[in-house]
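Enquirer: Sequence:
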Amino acid sequence: SRHVTISENKMASLTRTKKHKQTADENRRARALPELRPCQQACLSACDKGARIIEMACGSGKSRVMRELADVASGKVLVLVPTLVLLHQFASLFPSYCLVGTGYNKHIQWAAKGFVCVYDSAHLLANITFSDIYVDEAHHPLPLGCPNSTNMYHFSATHRGQPEFQYAMASAIEDGVLCDYDVIIPIVTPGHGQFCLADMLRRQAGHFRRVLAYCNTIAEAKRFQTVAGALGLAAWHMNG
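Sequential numbering from 6 applies to the sequence shown in the working numbering.
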């Protein structure tokens, strides 16, 4: 028979990995969340081995990775986001966490286990020492007065430096996590941009299957929906 010697550090790492998987599986079943994608599992494994600079393509599941890490954190958790729109998005994934930001700062629950906070309000939590901080859109500088933590994880799709874990857009498309797409920059007649764009989509209906059009304002998005509808195209506008 063959004998293998395992160091104390290796044994501790294996124990943490097993504990993380068991606890995360139990919490996932309790929350009725879908199974983790392989890329998310790979990211969690990298985090367990010390990765703190995380780069994952938009839409590949960074926020879910944060939730899995939070479920096994040893102490208080802080999720930092740059905008109120993202604050509200993360609130649905962290329903028991206290929200901190404009409109919420008069009702901070200091005894909460976790917080979701916009960058500009992070200084309000400076007196709390956190076990884990998860920084979303971490290609931005850390906010002034950012609290201290034992572990700080930097999540972004576009880190400027070298990440410690990377799941690029090309890999996400190849794995079927994201859909492939083309970026189209049409040249349109001045003053008639929306009509020209909608007419181009109508005339090339076989080429364009699903289209995402960005508008500067909600009013412009609603107007484009109306123009597209007048030409017989099914269109919806979204905001927030």
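Mixed in with the good hints there might be a few duds.
Derived pair list, reagent style DSS-like, types lysine-lysine, alpha-carbon separation capped at 30 Å [what the hints assert, rightly or not]:
#, residue 1, residue 2
1, K118, K54
2, K81, K118
3, K81, K54
What follows is a set of in silico ranges between Cβ atoms, one per label pair, in the way DEER data are often shown [as the list claims (entries may be wrong)]:
#, residue 1, residue 2, range
4, A117, P87, 46 to 52 Å
5, P146, A224, 15 to 21 Å
6, H93, D53, 38 to 44 Å
7, L38, C220, 17 to 23 Å
8, D125, A239, 16 to 22 Å
9, D187, Q114, 27 to 33 Å
10, K118, A210, 49 to 55 Å
11, L38, G80, 39 to 45 Å
12, W115, L236, 52 to 58 Å
13, N221, R165, 37 to 43 Å
14, K54, F213, 39 to 45 Å
15, A235, H212, 36 to 42 Å
16, V90, Q167, 27 to 33 Å
17, S97, E40, 48 to 54 Å
Since the hints were derived computationally from the structure, they do not count as laboratory data. Backbone N, C-alpha and C define an ideal beta-carbon position, used for all residues, glycine too.
Enquirer: For the range 27 to 33 Å, tell me whether the beta carbons of V90 and Q167 fit it or not.
Expert: 29 Å Cβ-Cβ, so the 27 to 33 Å window holds.
Enquirer: Is the hinted range of 39 to 45 Å satisfied by the C-beta distance from L38 to G80?
Expert: With a Cβ separation near 23 Å, L38 and G80 fall outside 39 to 45 Å, so the hint is violated.
Enquirer: Do the beta carbons of N221 and R165 sit within 37 to 43 Å of each other?
Expert: 27 Å, violated
Enquirer: Is the hinted range of 49 to 55 Å satisfied by the C-beta distance from K118 to A210?
Expert: 52 Å, holds
Enquirer: Taking 36 to 42 Å as the stated bounds, is the beta-carbon spacing between A235 and H212 within them?
Expert: At roughly 21 Å between Cβ atoms, H212 and A235 fall outside 36 to 42 Å, so the hint is violated.
Enquirer: Given the hint of 27 to 33 Å, is the C-beta distance from D187 to Q114 inside that range or not?
Expert: 47 Å, violated
Enquirer: Cβ-Cβ distance between H93 and D53: within 38 to 44 Å?
Expert: 30 Å, violated
Enquirer: Between W115 and L236, does the beta-carbon spacing fit 52 to 58 Å?
Expert: 55 Å Cβ-Cβ, so the 52 to 58 Å window holds.
Enquirer: Given a hinted range of 15 to 21 Å, is it respected by the beta-carbon distance of P146 and A224?
Expert: For A224 against P146, whose Cβ atoms are near 33 Å apart, the range 15 to 21 Å is violated.
Enquirer: For the range 17 to 23 Å, tell me whether the beta carbons of L38 and C220 fit it or not.
Expert: 33 Å, violated
Enquirer: Keeping to a limit of 30 Å between CA atoms, is the pair of K118 and K54 held or broken?
Expert: Holds. K118 to K54 sits at ~25 Å (cutoff 30 Å).
Enquirer: Taking the CB of K54 and the CB of F213, does the distance hold inside 39 to 45 Å?
Expert: The hint (39 to 45 Å, Cβ to Cβ) holds, given that K54 and F213 are roughly 44 Å apart.
Going through the hint list in order, the structure does not satisfy hints 4, 5, 6, 7, 8, 9, 11, 13, 15, 17.
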